[in-house]
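One letter stands for each residue in the lines below.
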Amino acid sequence: NAGVTQTPKFQVLKTGQSMTLQCAQDMNHNSMYWYRQDPGMGLRLIYYSASEGTTDKGEVPNGYNVSRLNKREFSLRLESAAPSQTSVYFCASRDRVNNQPQHFGDGTRLSIL
Amino acid sequence: AQSVTQLGSHVSVSEGALVLLRCNYSSSVPPYLFWYVQYPNQGLQLLLKYTTGATLVKGINGFEAEFKKSETSFHLTKPSAHMSDAAEYFCAVSEGPTNAGKSTFGDGTTLTVKP
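So the sequences go chain by chain: A and B.
The first sequence stops at residue 113 when you use my numbering, and every number in between is there.
The second sequence stops at residue 115 when you use my numbering, and every number in between is there.
No lab work stands behind these hints, which were simulated from the structure alone.
These numbers were taken from a predicted model, which means no experiment stands behind them.
Fair warning: there could be bad hints in the mix.
Quick list of in silico lysine-lysine cross-link-like pairs, DSSO-like style, CA-CA up to 27 Å [said to hold, decoys possible]: (1) 57/A <-> 49/B; (2) 14/A <-> 71/A; (3) 9/A <-> 71/A; (4) 71/A <-> 49/B.
Rough simulated footprint, nothing fancy, chain A against chain B, three-plus residues with beta-carbon under 8 Å [as the list claims (entries may be wrong)]: (5) 16-30; (6) 80-86.
Where a beta carbon is used, it is the ideal one built from N, C-alpha and C, also for glycine.
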């Protein structure tokens, strides 16, 4: 099925470790987004990529970096994980030119001890 | 700038009762509005959207929403709740293709359906 695929689905890290969350979409969308979801706080935008080759900071970018590897893939990296980054991370993509809604992956549940 | 306010973080209804989830937005340009549903341990799924045209929009699973510009609202309704409707619901606003197509989400409303 077409959609947004995130890996891994679950991960436990120790404080200070690094890791990369992977996201790929097969809908030929130009825009991609990374969010974190915390209880009672909705979705907060971390970084986004309006189109291949561009990335920009969202609402809560500190402690994260991103790479738009190609049109399909948009990765999120935690260089030195902190307990405050324990969250559920969602990747989304969108055909913004045609005003289509965002399509979401199933999320990565990340715990940092 | 755009923002979304969902009134009521938790809503509880009886099975068969009317569901009403409230959403108010602000946007500096004509908004594009969305409702998403999230089931446990899953991502968000689109319920319905308003872009232009008819202000009453119908979505999946019997849900509908009405865009009221004068009230800056986009409330979600369903005439008769089912147990399977229990989930978290998010309202979102986008400024269309501008601003990188970013959406701003409300904090969510958890719907509980009592038997």
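Checked hints:
Our distance criterion of 27 Å between C-alpha atoms is met by residue 57/A and residue 49/B, whose separation comes to about 26 Å. For the hint pairing residue 14/A with residue 71/A, the CA-to-CA distance comes to about 32 Å; that exceeds 27 Å, so the pair is violated. Distance hint between residue 9/A and residue 71/A is fulfilled; the C-alpha atoms sit about 22 Å from each other, no more than 27 Å. This hinted pair checks out: residue 71/A and residue 49/B have alpha carbons roughly 25 Å apart, not beyond 27 Å.
For a cut-off of 8 Å, the count of residues in the region 16-30 of chain B with a CB near a CB of chain A stands at 0, and the three-residue condition is violated. Coverage of a stretch by a chain is defined here by at least three residues with a beta carbon nearer than 8 Å to that chain's beta carbons; for the region 80-86 of chain B and chain A the count is 0, and the condition is violated.
Consistency with the previously given hints fails for numbers 2, 5, 6, ordered from lowest to highest.
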